[in-house]
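Participant: Chains as they are written, first to last, in the working numbering: chain A, 1 to 391; chain B, 1001 to 1475.
Note that these hints are calculated values from the structure, not bench results. All values derive from a computational prediction rather than experimental measurement. Take every hint as true, because none was put in to throw you off.
Below 25 angstroms or equal to it, Euclidean Cα-Cα: the simulated DSS-like pairs (lysine-lysine) are:
#, chain 1, residue 1, chain 2, residue 2
1, B, 1023, B, 1002
2, B, 1160, B, 1077
3, A, 208, A, 360
4, A, 211, B, 1463
5, B, 1463, A, 212
6, B, 1460, A, 208
7, A, 211, B, 1460
Pair ranges (Cβ atoms, derived):
#, chain 1, residue 1, chain 2, residue 2, range
8, A, 120, B, 1297, 14 to 22 angstroms
9, B, 1012, A, 124, 53 to 61 angstroms
10, B, 1202, A, 79, 52 to 60 angstroms
11, A, 317, B, 1297, 23 to 31 angstroms
12, A, 5, B, 1297, 35 to 43 angstroms
13, B, 1202, A, 60, 51 to 59 angstroms
14, A, 158, B, 1450, 14 to 22 angstroms
15, A, 120, B, 1279, 35 to 43 angstroms
16, A, 5, B, 1338, 36 to 44 angstroms
Cβ coordinates follow ideal geometry from the N, Cα and C atoms, glycine included.
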Amino acid sequence: MDQPKQVSAKQFALIVFLAAVAIQLFMLPGLVMRVTGRDSYMVMFAVMLLEGVNLFFILAILKRNPDKTCFQILTDCAGKIAARVIAVLFGLFAFFKLMLIIGEIHMFFAEAVFEEFSWNIMVLPLLMILYLAVRKTLRTIGRLAEILVPLVFISGVTMCVLLTPPIEFVKLLPVLEQGPAPVFESLWQFPVWYLDMPFLLIFLGNVKLSKKCVPGSVVTFVLATVMVVVMPLVLYSTHSDIRYLVNYGHNASRLTSHSAEMQEFGRFDIMLYCLWILGIFLHMCITFSALIVSAEYVIGVRGRRRTVNLCALAVVYVLSVTLFMRPDFLYGFFTGPIRLVVVPVPLLLPLFLFICARVKYKPHPSPYHHEIDKRRKKTRHETQKAPSQKG
Amino acid sequence: MKRAEEIVKKFADRACVTERELKIGKKSVRVLFKSAVADARLVGDLVRSLERYEERELHMEGLMRNAVYVAESAIIKPGKRAADEAVSAIVSGDAVVIAEGIPEFLEVSTRDYVTRSITEPPTSTVTFGPREGFIEDLRTNLNLISRRLKSPALAVKRTKIGRISNTEVAVVYLDNVAAPEVYQSVLDRLEKIDIDSVVDCHTIMPYLEENPLSMFAQVGVSEKPDVVEAKLSEGRVAIFVDGSPLIMTVPFILLEDYQNSEDYYERPTFSSFARKIRLIAVFLGIVLPGIYVAMQTFHFDIFPLRFMITVMTAVNGIPFSPLPEILFVILLFEVIKEASVRMPRAVGMAMSIVGGLVLGDTAVKAGIISSPAVMIMALSSIAIYTVPNQVGTLSLLRVMFTLLGGLGGLYFLSLSGLALLIYLCNINVYGASYLSPLTPLMPGDLKDAFYLDSAIRMKKRPKAIPNINRVRRGG
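Hey, can you work out the whole structure from these sequences and the hints?
Facilitator: Structure below.
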């Protein structure tokens, strides 16, 4: 009676867009600008290239073996113990990423929106959202993406337009004034911010594969890349070297507030941010899903999602109102040695799973079986119809 | 005749059951009926035709075929529940024939209920288009729908619900369009209902809903045969309840309430415009007070400079902070609305004027509430009435968003909007997503969702509603 609880191909393509854009546009440019200055767009391009490679592996697994989940492949290839170790590290990365996003959201609202902000209370509804979104299946996230991604896209484009005049590309010159070192430094310092594609691994085995799935995902990813690269280009070509204007993230919000005539027209850009931030919330839900799925796999429980969910949220709550509430700690922690522990697994996991799937399984006989069936039926129908048409 | 006496004994007031005794051949036959709800002329015809009937070997099958000229008659087979079934038939207005030495009973429809005439339903009036509406009589309602759908595929499955009321319920669908799993699920759910009486369709509505405690309706209701006809031809299943002029339909999706029957009787371009206006109005209706409170409390800088000066001048000297102020106006409006609905019509209009104009105007002049707050609330209240079927839900959402906007500004508003979306995304009604065709996105179905395409171009039935025949028309 109920529809299969999978994510459709369209929804997956939109999730790809969201995963590629949400953090990269909202948080990363400001940080990268502090280190790399006007060459930030190169960092963003490199980041998207890396994410693109990861997406390639994920799509390749999805197309070849659409029925296999991430942990199924891991268990079949690496054995139960190694798979659990990898799952722990993957879950840990998801957890840290979640803490980072919560910290950034705290800073955005505490700095740009509210004068007084009691985070101890304000974080509770945010955690409730996570609970609601992950309570059931990934289909909920797919459906949400279908509604929210167009809004995120429109608000992102509008923000770019708001920031645009007057563009002077000459402000981007000279290119690589201090050599390529700052670009590499940014890439080395902020991997926790930009690694988002590995979270899409949890969608393996949960996507209704159709012919349009892979091209659709590629198109949305390319679109996201253009947005992510254009953003720092526009920022710099409009406002010159803004690295001294931004402390942590939220450069865009600070810039729009300082843009000409904003006082005259009011800060309606905040409304756009609130739309945009819905995308961040949704990205958090994906990250939290990855955490919960990994935790369930590691603990080996099934059908106790509510308990696992609540326990994880309790830990997230405690840490988000204590340690990770302080921006200096947040940035110090995530640019510190911890990244060397948690980053390699999500960075290499798509590649590892891709190799495992190729070695272990044969390609699925007909990944788009329902489409093939439909085509066969159509051909049969036309063949039957043909004589009568002639007659 | 012992069996007849047993049946009569089951009635608290035995005098209400009328008995007619006659003989067919040598066998004694009794006709039992309840004169208050039975048609005396039909019963008289039945008795006369039985008296004229002659057959050597009397049996109910022959009696039904050759003596009773009423189409709706049935044989009650002998068994433990036979007497109860006979009683149920008598209380419904049917006559029961009992023949000496024959174990079966014969139930003949002789019902005669007083019904009102078919009028235009007050909840869905149209300028152009059909004006007839359903009434409280099941038979009339089925007649109205059968007259519109003259198809052998129109299936009507009847059942009785209510231990005391024995209310007749009919499940109607198009056999060659509706998905079997949908109507089967409806029939199964109805089968499981065990209650005393069915006062109205709303009594059984929660049993048909996937999530009965939700504030969102998951069963559609309509008082108009043209609407039910359209829904049946899209593959939905209609549930008719005797005594209710409202016909329930499933599967129900959120967007259905935004579609007005008049949309289909206007030019599609105008209907599309009207639908967008409705959507915008609903959005404004539920969110505008919340945004206003959030802006005044936390984000004053969002207002453009000149607008900010106007608002600040207007709210200057108001004793309440924005949240209590707007909540007070909401309360005021809800009280006026509630009183105007319940008041006798003669004083209703006068009281509305006193409540709306005098009270509001005086409160503003007295400096208790500000004029922007009254204006925002007036706009919001009018806006939510563009979708009358959802006024209750939208009013509650408005209060919720206002509270959250006042407590946590745009941050809480964004989160509550997302929570609402997550909640709606999780609702599935009889295989249809509650938010379809928006999600899962069905581009073909959008032709009759946010806008209305020409009927010529709507070649297929909605994909969102499970059906077994997607082709709506050829060519």
